[in-house]
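Peer 1: Go by the hints and put chain L onto chain Z.
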Amino acid sequence: MKEKMVLYFPPTVTEQPFIYHLIKDFNLLINILKADINPRMEGRLVVEIGGEKADFAAGLDFLQGRGVKVFPLEQEIIWVEERCTHCGACTVICPAGALHLDRITMQISFSGDKCVVCEHCIKACPSRAMEARF
Amino acid sequence: MVKKTIEEINAKIKAGKAVVVTAEELIPMVKEQGIKETARNVDVVTTGTFGPMCSSGAFFNLGHPKPRIKMAKVLLNGVEAYTGVAAVDVYLGATQIPETDPANKNFPGEFNYGGGHVLEDLVKGKEVLLEATAYGTDCYPRKKLEKMIRLDELPQAILFNPRNAYQNYNVAVNLSDRTLYTYMGILKPNMGNANYSTSGQLSPLFNDPYYRVTGPGTKIFLGGGVGFVSWYGTQHNPGAPRDAHGVPTAPAGTLAVIGDLKQMSPRWLRGVSYLGYGVSLMVGLGVPIPVIDEDMIRCAAVSDGEIFASVVDYSESYPQGLGEVLTTVSYAELRSGEINVNGKKVPAAPLSSYYRARQIAQILKEWVMDGKFLLTTPVFNIPLAGGISDYQGLVFSDADPARGCHNA
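First to last, the sequence lines map onto chains Z and L. Take 1 as the starting number for the first sequence in our numbering and just add one per residue. Take 1001 as the starting number for the second sequence in our numbering and just add one per residue.
The shape of chain Z in the complex, shown without the other chains (with noise of 0.2 Å):
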C-alpha cells in the first residue's frame, strides 16, 4: 500500500531520525515531498509512506508512541481553468509531472493524483489559476 500524509513533529522530537528507522526497521518507501522546521522547532513533512500493509502499520504505531502526530493529506491543489490562459509557464516548475502540456491542443492539463502538494505553481502561475485548499 502507499499514501500520502503529513507528519508533525512536536519541538521535542524534531531532532530525532525518524525516517531511518521508517526505512530500516520497517522496511518502508519514504518519498519526501515537502519538509519544514519552523522557528519554534516544530518540524511538519510531507510524505508519501509505501510497503506492506503491517510494515505500513507498525511504522505509523512507532511514530505515533514516539509524539509524532500523523494526519491524512487533505489539503489538495486546485487548478482553476477559466483563469488558466494555456500559457505553459507552470509546466517546467512543477516537480511531479501533475502539469502537462499537450503538444497537439496545446492545452493544459492537471493531474490530481500526479499533484504532490508542494504549492510551487500557486505563485509560479501568472494568471493565479492554482489554489491551495484544505
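Hints in this document: simulated from the structure, not taken from any laboratory. Computed from a predicted model, the values in this text were never measured in an experiment. Do not take every clue at face value.
Claimed, not checked - Derived contacts from chain Z toward chain L, CB cut-off under 8 Å, selection only: (1) Thr85; (2) His86; (3) Gly88; (4) Ile93; (5) Pro95; (6) Thr105; (7) Met106; (8) Lys123; (9) Ser127; (10) Arg128.
Where a beta carbon is used, it is the ideal one built from N, C-alpha and C, also for glycine.
Peer 2: Chain L only, in chain Z's frame:
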C-alpha cells in the same frame, strides 16, 4: 504571377466569397498545392498571439466632476496613473504596482495586483476606486475626488500599447547556480528550464517578416475588439539577424497598437504576476494578412521548424547587456517541450499561450469571412532597416524588392 489588390480582396470579403485561412492552416495547404496555386486560392491569412506584453496601458478621460479638477495624482484601486496630460486625462501602465506593494523587499515578491489587473477589472465591468488629488487652480478649483468608476461610465478609454507583437524573442535560460525570477518567468539554476514567449508560426510579424502589409493603419484584432497598428513599436529593431527565409533569429520588429478599451474583453486582456519581477498584461492580438501576391504566401507559409530563436543566459548576458547568444533553436523544438543547448537537454516552457493564439487567428478568420471585417492598407511601411522610415513620403511600396521572401 498572382497579384491581388487589397480593394479586390475587400470586394470578395463583402461578397462573402473570400477564402480565409489561419497561418497554421496555410502550412499544409502550401505543401499540397504549392505557392502559386495557394496564392490564387487564398485571399487572407489570419495570425494571432496571446502573451505578456509589458509595454501596454490605457489612456482614460475620467470625466469632470462639479466643480472641475486638474488631477495631479490619481490612484485606480491603489495603482498610480500618470497625470502629466490634460486635467482629467490619465495613462495607466500595465506594469505599475501599488505604492503599498512590498515589491521585492521580501524576495521574491509576489506582485499580486497592478496596472494590468486594473485594466482587466475594468474590462470585466467591475467597479474600480478612483482617488484623485489636485493643487487647485482658478479654472479647476477642486482638490480631492474619491469615487467608484466603471468602464462604461467613462467618456473615453483607449488602450494604447507602445510595444506589442514582438517579432521573435529570446529563449531565456539560467547558467548560474541560483534560481532567477525574471520577466521570462522562473529560471531554475544550471539550465533547469528554458522559457520562450512567442506563438511562432502563428505570430503576426513572423508571417509578414518585411512588414509589407502590416503598418500604421492596419486594422487588427486587439484585446477582443477591433484596433489598429498606430506606429512601429518602441525598440523596433528590423536590422536583427535574419535567416535564409528572411525571418529574424533575435528580437526584431515591434508594433505600437491602439484600440477602444470599451470593446475589449477580459478573455483577451489579462493581468498577470511574475514572481520576483512584477505585474504585466497578457494581450490578445491578431493581424490579417492580405494575400497580395505569391511572395506573401511564401512568407506566411513559414512553419515552426523554419523559425529560430536565440537562447540567452539571464544570469549574466541579458542583465549585463553582453548580447551573447548560446545557440539558436527552432520553434518546433521549443514546442516539443525540450531543446538541446550545447549538448544539454533542457525542458522548454512557453509564457505565451499558443492555444489562445490559435483561437485569435480563428476568431479573426470568422470576422473576415462574415464580411464585417475589411482589410486596410498601411498608410506607410514601417522601417525595414537603419531606423529610418519612408513615412515622410507616405509611400506604400509593396513592390519594394527588399521586402520579399525571395530567398525562401
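Peer 1: Indicate, hint by hint, whether the structure satisfies it.
Peer 2: Status of the hints after comparison with the structure:
1. Taking 8 Å as the C-beta cut-off, the interface hint given for Z/Thr85 holds, the closest approach to chain L being about 5 Å.
2. A distance limit of 8 Å between C-beta atoms decides the matter here; for Z/His86 the minimum to chain L is near 4 Å, and the interface restraint holds.
3. The beta carbon of Z/Gly88 is positioned within 8 Å of a beta carbon in chain L (closest approach about 4 Å), and the interface hint is therefore held.
4. Proximity of Z/Ile93 to chain L holds as hinted, the smallest CB-CB distance being about 6 Å (cut-off 8 Å).
5. With a cut of 8 Å, the hint placing Z/Pro95 at the interface with chain L is violated, because the nearest CB-to-CB distance is about 10 Å.
6. At about 7 Å, the closest approach between the beta carbon of Z/Thr105 and any beta carbon in chain L falls short of 8 Å, and the interface hint on this residue holds.
7. Given hint, Z/Met106 at the interface with chain L, holds; its Cβ is 4 Å from that chain's nearest Cβ, closer than 8 Å.
8. Interface restraint check for Z/Lys123: the shortest CB-CB distance to chain L comes to about 5 Å, inside 8 Å, so the restraint holds.
9. Hint status for Z/Ser127: holds, given a least beta-carbon distance of 5 Å to chain L, under 8 Å.
10. Interface restraint check: Z/Arg128 against chain L, minimum CB-CB distance 7 Å, threshold 8 Å, status holds.
This entry does not satisfy hint 5, going by the numbered hints stated previously; all others are met.
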